[in-house]
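Line by line, the protein sequences are chains A and B.
Heads up, the final residue of the first sequence is numbered 639 in numbering that gives the first Met the number 0, and it's a clean run with no missing numbers.
Heads up, the final residue of the second sequence is numbered 576 in numbering that gives the first Met the number 0, and it's a clean run with no missing numbers.
Quick caveat, the hints were computed from the structure, so don't treat them as lab data.
Just to be clear, a hint being listed does not mean it is correct.
[Stated by the list, open to error] Pairs of lysine to any residue residues, derived as SDA-like cross-links and limited to a Cα-Cα distance of at most 20 Å, are as follows: (1) A/Lys157 - A/Arg145; (2) A/Lys283 - B/Ser425; (3) A/Lys491 - B/Ser425; (4) A/Lys157 - B/Gly421.
As the structure is a prediction and not an experimental result, all values here were calculated from the model.
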Amino acid sequence: MSTPTSKGETAVSSTGGAPAPVKANARPKYAPQQRGGGPMGHGVGTGEKAVSFGPSMKRLLGHLRPELPQIVAVVAMVIVATVGNAVGPVILGQATNLIYDATVVNRTPIDFGAVGRVLLLALAVYVVFFLLSWLSGFIINAIVQRSVYRMRQQVSDKITRLPLKYFDGQPRGELLSRVTNDVDNVSQSLQQTLSQILTNLFTLIGVLVMMFYVSWVLALVALVTIPIALGVTMVIGKRSQKLFARTWKSTGELNSQIEEAYSGHDLVTVFGRRREVAEQFRAKNAELFDASFGAQFISGIIMPVMFFVGNLNYVVIAVVGGLMVTGGTLTIGGVQAFIQYSRMFTQPITSLASMANLLQSGVASAERVFEVLDAEEESPDQAGSLPEPARGRVEFEHVDFSYTPERPLITDLSLVAEPGATVAIVGPTGAGKTTLVNLVLRFYDLQAGRITLDGTDIASVPRRALRDQIGMVLQDTWLFGGTIRDNIAYGKEGATEEEILAAARATYVDRFVHSLPDGYDTLINEEASNLSAGEKQLITIARAFLSDPTLLILDEATSSVDTRTELLVQRAMKKLRADRTSFVIAHRLSTIRDADVILVMEDGAIVEQGSHAGLLAARGAYYDLYQAQFAAAITEEDAA
Amino acid sequence: MIRLLARFLRPYVPLLVAVVVLQLLQSTAALFLPSLNASIIDDGVATGDTGHIWSLGGVMLAVSLLQIVGQVGATWFGARAAMAFGRDLRQAIFDNALSFSSREVNQFGAPSLITRNTNDVQQLQMLVLMTATLIVSAPLMMVGGVFMALREDVGLSWLILVAVIVLGTIIGILIVQMTPLFKSMQVRIDTLNRVLREQISGLRVIRAFVREPTEAARFDRANHELADTATRVGRRMMTMFPAVFFVMNLSSIAVIWFGAFRIAEGQLQVGQLTAYLAYLAQILMSVMMSTIMIMIAPRAAVSAERIGAVLDTSSSVVPPARPVTTVTRHGELAFDDVSFAYPGADHPVLDGVSFTVRPGATTAIIGSTGAGKTTLVNLIPRLFDATSGAVMVDGVDVRELDPDLLWGRIGLVPQRPYLFSGTVASNLRLGNPDATDEELWHALEVAQARDFVERMPDGLESPISQGGTNVSGGQRQRLAIARALVRRPEIYVFDDSFSALDVATDAALRAALVDETADAAVVVVAQRVSTIRNAEQIIVLEDGRIVGIGTHDHLLATCPTYAEIVESQFQAEEVAA
């Protein structure tokens, strides 16, 4: 991918992607003196920031609306569960009190019945807590997965409704990254934050309430920790954010260096640049080391520092609590419960702080997805229909068109292609040849004028109906990851095996397929590197052949097929063109010599049109093009 | 994995030792805290000794300070070792892959090499980092926790055993279930991404063939499968924590209940009970940490294997041990009975190819798709090595030549004209960093690229994006030709380098090239007969064998394959006349 997003590489890409299993949830709710917390917890915060956090967050939550009943249920469960979690230590503290009072204060035998009853109550509370948190986890998981599923579906649907103009406007990798990496990032951050934020928030509130319930003096002491904890998290968090941003930037740059070195491997070798390339890599690699070390270190000390703050709190509570027990204002069980609370207290704060980072990154991604979803769509289809049976007469009437308003491309273009005629389009690069066929396919809408098929304006019928009549072979051969058979069958829904084989034979696909070990079942891989350019082109020709269209569009269709194969393809094409209207764009004049009409285009206008012989006789632009070929040949002869 | 880790972590052993020592320090400190707390309650609170509370509180703070020093220090050394490890590993992979020949690059595939060099390294780096900063302390805490707990009371130790076994079993079951799910989830993500990528790149085809419904169904299937798997993974993940806390809470209850009996028997104090609770929690936490290790290790092992495969592969094109560093003549190229076959392939790609190219002469190679044209020219700069026979430059086998010397004499324009990110100038100077601007302009002029470069806003300094995607295919090809020209090599190799040019440009370019390459040996792979008909020598390849060699007229008369090719192209243009 040429434009790695700041977190892209680790989040999804092909091998890196399983959603870092324990990342989110590993932060224990109890972390008594325990070193660690979330194993990969730090490192999640990416450099991404939402542009407008509020509205986007709202919209993201809006995405969860269909799940509202479940969400309400989850919130209720989490509240109950948190209450249980918060009450637990108090109950256990009571048990300790019973034991303490009996052994230390009253010096009487322990009332095991009473202790047992208290502990059974604790057990009941914990069982409920367990069941509720388990169940709410299940529901949240389902909510998130369904929402993300819907979001992906929306993006996919949207893509089918976006005009081609949209895709021209931005790099392919960028869009891909939005619909894959960003959606994935949204899913991860939702899954990780949703339950955590709820739990942590309610835990914080619950613990606070309980702390005040046990002893308001100690609670006030403990509260001092909040600003310290927040301050520490924010200061360190900000620094580590910056370093992470630098890490992602370096990672992106290094990755693109790697990509370039491997894609251009032959050139690097033959042009003797290995040493320089290795040197550049070394420098970037060192940069990445500096940034990533800094980021990992700084983010890695958040936890220890928070634990230290927690310990500080612990000591103060022990001291003050001890004094209070001595003074008789607090029970020993109260201190014990309070100490447990204080452990439960700093943890959600740290969690919430890191959740904020995660959420930021998730919302930033959501924003990028929303931008896609908000993009302007194609004009809606009209309900008209094409006359039956199709004859294939195409007419351009005073057509104006440009990709960008500032640069008019086609102005006042008119032409007629009679049924069954072959219309060849020649001219220099950028003259508008490809644009012309894009307009026939209605990939773009006109600014003025109209194009008719058999007398019906193509803008007045559904695009589907129009395109059903058209078959095409493009310059860049697009095949999907499947077998050769599937790719040919793509031209026609429900094509039979005989039809596929017939198309393959007619277009000489059959010949090379037989030399492949798996024949028609050969899998075409993503870059289709197991087939030559010519072979791929042949398959696309077979695909168009199978679709048996009224109208045929061939854009540079044979430019990468070697000449001997081309001869065969030309023959097949001629057969194919026989009873259909065809538009052929070709640089090689030899391939279009027998066209019924040759259009010579320059700067978006047709400067000449006529037959090969007629145009040669006219000694105009076509003649010049034609001569250029000979001129070179003659010069070479002179030089030789 | 072990081998890889051992090899690349060796330089950082001191750092790792420091990590272990510091972790030991911080674990010990952490282990003392509950004990101190117990003492505060038993000896301070219970007896009302405020002085004791104060002094123990001071000790506790000091111990906490030790703990944070240990933790921060361990993080510093751990992060340093892990990141340095990652850096070295990346460098090693990159350096090795750079030395590969085309064969090894193709064997792995560029995208796969990229992933191995980036994501896979990241996986291992993460493993080292987590081990150093988190997991190392787990066994320490576990052993220490057990020790401290036993010190408080031996009678309750069976509780620890039960709790550890229960927790270990639960987590173990979850992990066993999750591991295959993670794997299939990765496959599903890849599938979904692939489908989407295809739908965006094939947009025109999909729309032209009105296959949106098919594509939507394909996407929906992939999306569904992913969501299903993700849900199943999520369920197990969501189970883990409630289960862990449940076990912890249950054991707390058990400790208090059974502890009460121990207290009644006078064998335990209340404060010790509290400490015991804390130690138990620590032990269970370390069990969890260790199991996390079990979870990440398999994934890292897969990455290590993929990286190992790259590191263990050595280039099939080996630089000569005693290279020939001087040559006398200039640019005479000869193929002597050259064959080339991929390992394990039935049919050789090239079979007994012999010919000679003299300086100042052009040799053209023509033939159908898959005839072996590109393979043939790639043998010249040793992108591959011949399986048998020899490619000679000035009478010296290319395998004996100093590689830098060999490459310095070749100007290659590959079939796919790749441009590097940078500027027009930086691309042109690829093979000749010292070329002046005048030389660049001259090369551009010959390559028919002067016009469009002049029209670019910054001329020679105009930016080129990676792969050259911001210029058209024809422009890319012309820049690639100019790049080879700037080098002023003795041997030019044009591998189908004129295919994206329109007829007029093609003709003008070839006319200009004649003067430019007058003293050089030129090898041209071409599709169009018009491009090559004036070559001094035309080689007709079919299925890896030479079926005709000679001039255009000679071949027309003697080589039916050639005649057929010519007929196919010239029947319309009547140029043959």
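Which numbered hints are broken by the structure, listed smallest first? 3, 4
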